[in-house]
Amino acid sequence: MNTPARGSLLGIEHLQQDEALRLLKLARRMNPQKPRSLLRNRKIILLFYEPSTRTRSSFEIAAKSLGAITTLVQSSGSSIEKGESLLDTGYTLRAVGADAIVIRHPSAGAPHLMAKYLDIPVINAGDGMHEHPSQALLDAFTILKHKKSLKGLQVAIIGDIVHSRVARSACHLLTRFGAKITLCGPPEFVPEVATTLASGLRISRHLEEAVRGADVVMLLRVQKERLAGQKISLQDYIAHYQMNAARLKLAKRDAIVMHPGPIIRGLELTSEVADSPQSVIVDEVRSGVPVRMAILARALGRAK
Amino acid sequence: MSRQESKSLLIKGGHLVDPEAKINAPMDLLLRDARVAEVAPPNKVRGGADEKFDARGLIVAPGFIDLHVHLREPGQGYKETIASGTAAAAAGGFTSVCAMPNTIPIVDTDAWVSWLRRPERGAVVNVFPIAAATRGSRGQSLTDFAALQRAGAVAVTDDGKPILDDEVMRAALRLGAELNLPVVQHAEDTRVTEHCSMHEGPTSFRLGLRGMPATAEAAMVDRDVSFAQQIRESRLHVAHLSTSDALKSVRRGKRARARVTCEVTPHHFTLLDSDVGEYNTNFKMNPPLRSASDREAVLVAVADGTVDAIATDHAPHAAQEKQVEFEHASFGITGLETALALAITKLNREQKIPLARIVELFTAGPARVFDLRGRGSLQRGNFADVTIFDPKKRWTVEAAKSRSLSRNTPFDGWQLTGKVVGTIVGGKIVYRAD
Chain W
109 MNTPARGSLL GIEHLQQDEA LRLLKLARRM NPQKPRSLLR NRKIILLFYE
159 PSTRTRSSFE IAAKSLGAIT TLVQSSGSSI EKGESLLDTG YTLRAVGADA
209 IVIRHPSAGA PHLMAKYLDI PVINAGDGMH EHPSQALLDA FTILKHKKSL
259 KGLQVAIIGD IVHSRVARSA CHLLTRFGAK ITLCGPPEFV PEVATTLASG
309 LRISRHLEEA VRGADVVMLL RVQKERLAGQ KISLQDYIAH YQMNAARLKL
359 AKRDAIVMHP GPIIRGLELT SEVADSPQSV IVDEVRSGVP VRMAILARAL
409 GRAK
Chain H
10 MSRQESKSLL IKGGHLVDPE AKINAPMDLL LRDARVAEVA PPNKVRGGAD
60 EKFDARGLIV APGFIDLHVH LREPGQGYKE TIASGTAAAA AGGFTSVCAM
110 PNTIPIVDTD AWVSWLRRPE RGAVVNVFPI AAATRGSRGQ SLTDFAALQR
160 AGAVAVTDDG KPILDDEVMR AALRLGAELN LPVVQHAEDT RVTEHCSMHE
210 GPTSFRLGLR GMPATAEAAM VDRDVSFAQQ IRESRLHVAH LSTSDALKSV
260 RRGKRARARV TCEVTPHHFT LLDSDVGEYN TNFKMNPPLR SASDREAVLV
310 AVADGTVDAI ATDHAPHAAQ EKQVEFEHAS FGITGLETAL ALAITKLNRE
360 QKIPLARIVE LFTAGPARVF DLRGRGSLQR GNFADVTIFD PKKRWTVEAA
410 KSRSLSRNTP FDGWQLTGKV VGTIVGGKIV YRAD
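So the protein lines, in turn, are chains W and H. Under my numbering, residues 109 to 412 are what the first sequence spells out, in order. Under my numbering, residues 10 to 443 are what the second sequence spells out, in order.
Worth flagging that the hints you see were computed from the coordinates, not collected in a lab. Just so we're clear, the structure is a prediction, and the values are computed from it rather than from any experiment. One or more of the hints may lead you astray.
What the hints assert, rightly or not - 27 Å max Cα-Cα, derived DSS-like pairs, lysine-lysine: (1) Lys410(H) / Lys224(W); (2) Lys401(H) / Lys428(H); (3) Lys331(H) / Lys190(W).
What the hints assert, rightly or not - Covered stretches of chain H, as calculated for chain W (at least 3 residues, CB under 8 Å): (4) 179-189; (5) 210-217.
Claimed, not checked - Here chain H is said to cover these stretches of chain W; the calculated rule only asks that three of the stretch's residues, wherever they fall, bring their Cβ under 8 Å from a Cβ of chain H: (6) 186-193; (7) 213-222; (8) 312-318.
Idealized CB from N, CA, C, for every residue including glycine.
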């Protein structure tokens, strides 16, 4: 077994702080409006075992903006449907000439398995409930457009933390830069063990308490597809944890509202909040492209 | 491996540790016609021998007994065969192994129990079949315990799965009591462990894996011990016990004089859930590696006598069953060839548990659990099953050199202390270290 190829991005947990900083700096110089040929003729495979709109399209546009060739392989309509193992799929894609693989997979650790056996960079585009590193980087990138620094920032992350790879990656990244995070939700969504993920995490069961004085309010989707056996009443959730205009007023006046998408209006947030001037939800999607350009440039050794 | 035919064998110059016979002293040992003929102080054995085994500087112990192995036959010979699994057992110092019935098909008839014991299987150590407790191990209707026992089954279990239903478990214990047959429980409330692939705790949260709570084991052991207390003469054996709370229930049962026994595995007293690292599937087994406090409780119970036996839960799997997504990887690791060294390294050298206690957990302890008469001690007239080992020898585990057909061990590359030098079954040397 090998260590992952240079340029791989499997998670935030083991990403050095200076590397994260370098990626964010690099992203600021990337502009999809001005295509570059840094990765001309490099072949990037987008291997998606789960549905995705934002992540997939922004990785694709990021790759193409740098001149790379992309191929999308999805679980349906490929040999994966015929029972090909993840590793064999990896070997196959390597053999057709992939220079890097971007993988989205419902099983935690799937990108790590790929990276252990392949000699090309593997980029984690979301693995089960584990991590979603490019999302955390684009969130940090977005926050830094509105706030001077992450240090000392009060961040409230509200909702289905336990099933959320976005939350795990965000916790690792934001606390590493000195943000203070309050995780908020019912025990089924925010178990006590969540605070062991990183230092600088605390839990609140009360939305009002979590939001009061916050600089950043990050909402998460209730992931019905990962709710295996848990009985959560959506009505109760809405009553206690839905973000509405009145509750948002408890945050700092210049607080921003974030959500990794897809948003379910009327569930974790009201349309009023989603469309308010404080909402940077669409901005996050926009940030996804330059951040993923930076990730791909780094992966293929062109992080100049 | 050498298999030498000779009528008598003198093991000379060794230090005999036989806890059942309360011997811990230099002794010579004469084996004749597959039995122990004489145990005597150095140079006091009368009469000659066809062959000698020089055991100077070595520990001579009753042959080790493993209550829990998966030999994978019938049906999964690509993972292991009875021949390869018992060769690994011999290399690990085990002279007797108890084979679990979760094969394909499930060993739930006397015909399959007999099949396992036939010479054509090529076993190099004694194989004692454990039969399924319910038909197809589906947990619904009991198998014919009496017929299985007559065919040679030493216990019944649905291992791999629990006997979940209260009434079925009570019925199994009742029937077992009538026949003096132990019921072995894989204690896991599978209603709360669905889709789980490791212990529930900070590591499972960090890795985004669904975790099995410790209570899934403890609650079932608690229930079973209560049943064992209620049903006179019933015999409950808790397989691969891994949690602190389950040990409390076992202690409660033992204090109440119920016939409750338990085994622990080397991996549970050595490793922690956090050792799973970045999704290393060779650290995935069921029950899973637990928290530090669970491991601590297991170590205490090993020392204080609550634990009756060390069992490996040797569970070989092919590479393609482990080189997959963690959630999809098969549960289980190999263990026969590393058990003694882990026990010496972890229990003796690190925890200062006396060597005699460790030997007891490999010999007299397991022999009592399944009533393996004439084994577990080297008193005159007993079976000539002997394990000879060097408690000080340092060596490095090399998975690639395993005699098992599979390589799924978490201990590859580990430096351990304590190595088997010779394994003797029925007076014949079945393994000798190079």
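Evaluated hints:
1. Simply put, lysine 410(H) and lysine 224(W) have alpha-carbon atoms about 23 Å apart, close enough for the 27 Å limit, and the pair holds.
2. A threshold of 27 Å between alpha carbons decides the hint, and for lysine 401(H) with lysine 428(H) the separation of about 8 Å falls inside it, so the pair holds.
3. For the hint linking lysine 331(H) to lysine 190(W), the alpha-carbon distance of about 19 Å falls within 27 Å, and the restraint holds.
4. As drawn, the segment 179-189 of chain H meets chain W at 0 residues by the rule of a beta-carbon pair under 8 Å; below three, the given contact is violated.
5. Check result for the segment 210-217 of chain H against chain W: holds, 6 residues qualifying (beta carbon to beta carbon below 8 Å, three or more required).
6. Coverage of a stretch by a chain is defined here by at least three residues with a beta carbon nearer than 8 Å to that chain's beta carbons; for the segment 186-193 of chain W and chain H the count is 1, and the condition is violated.
7. A count of 7 residues in the segment 213-222 of chain W with a Cβ less than 8 Å from any Cβ of chain H is obtained; the coverage claim is therefore met, three being the minimum.
8. Judged by the Cβ-Cβ criterion of 8 Å, the segment 312-318 of chain W is not covered by chain H as claimed, because only 0 of its residues qualify and three are needed.
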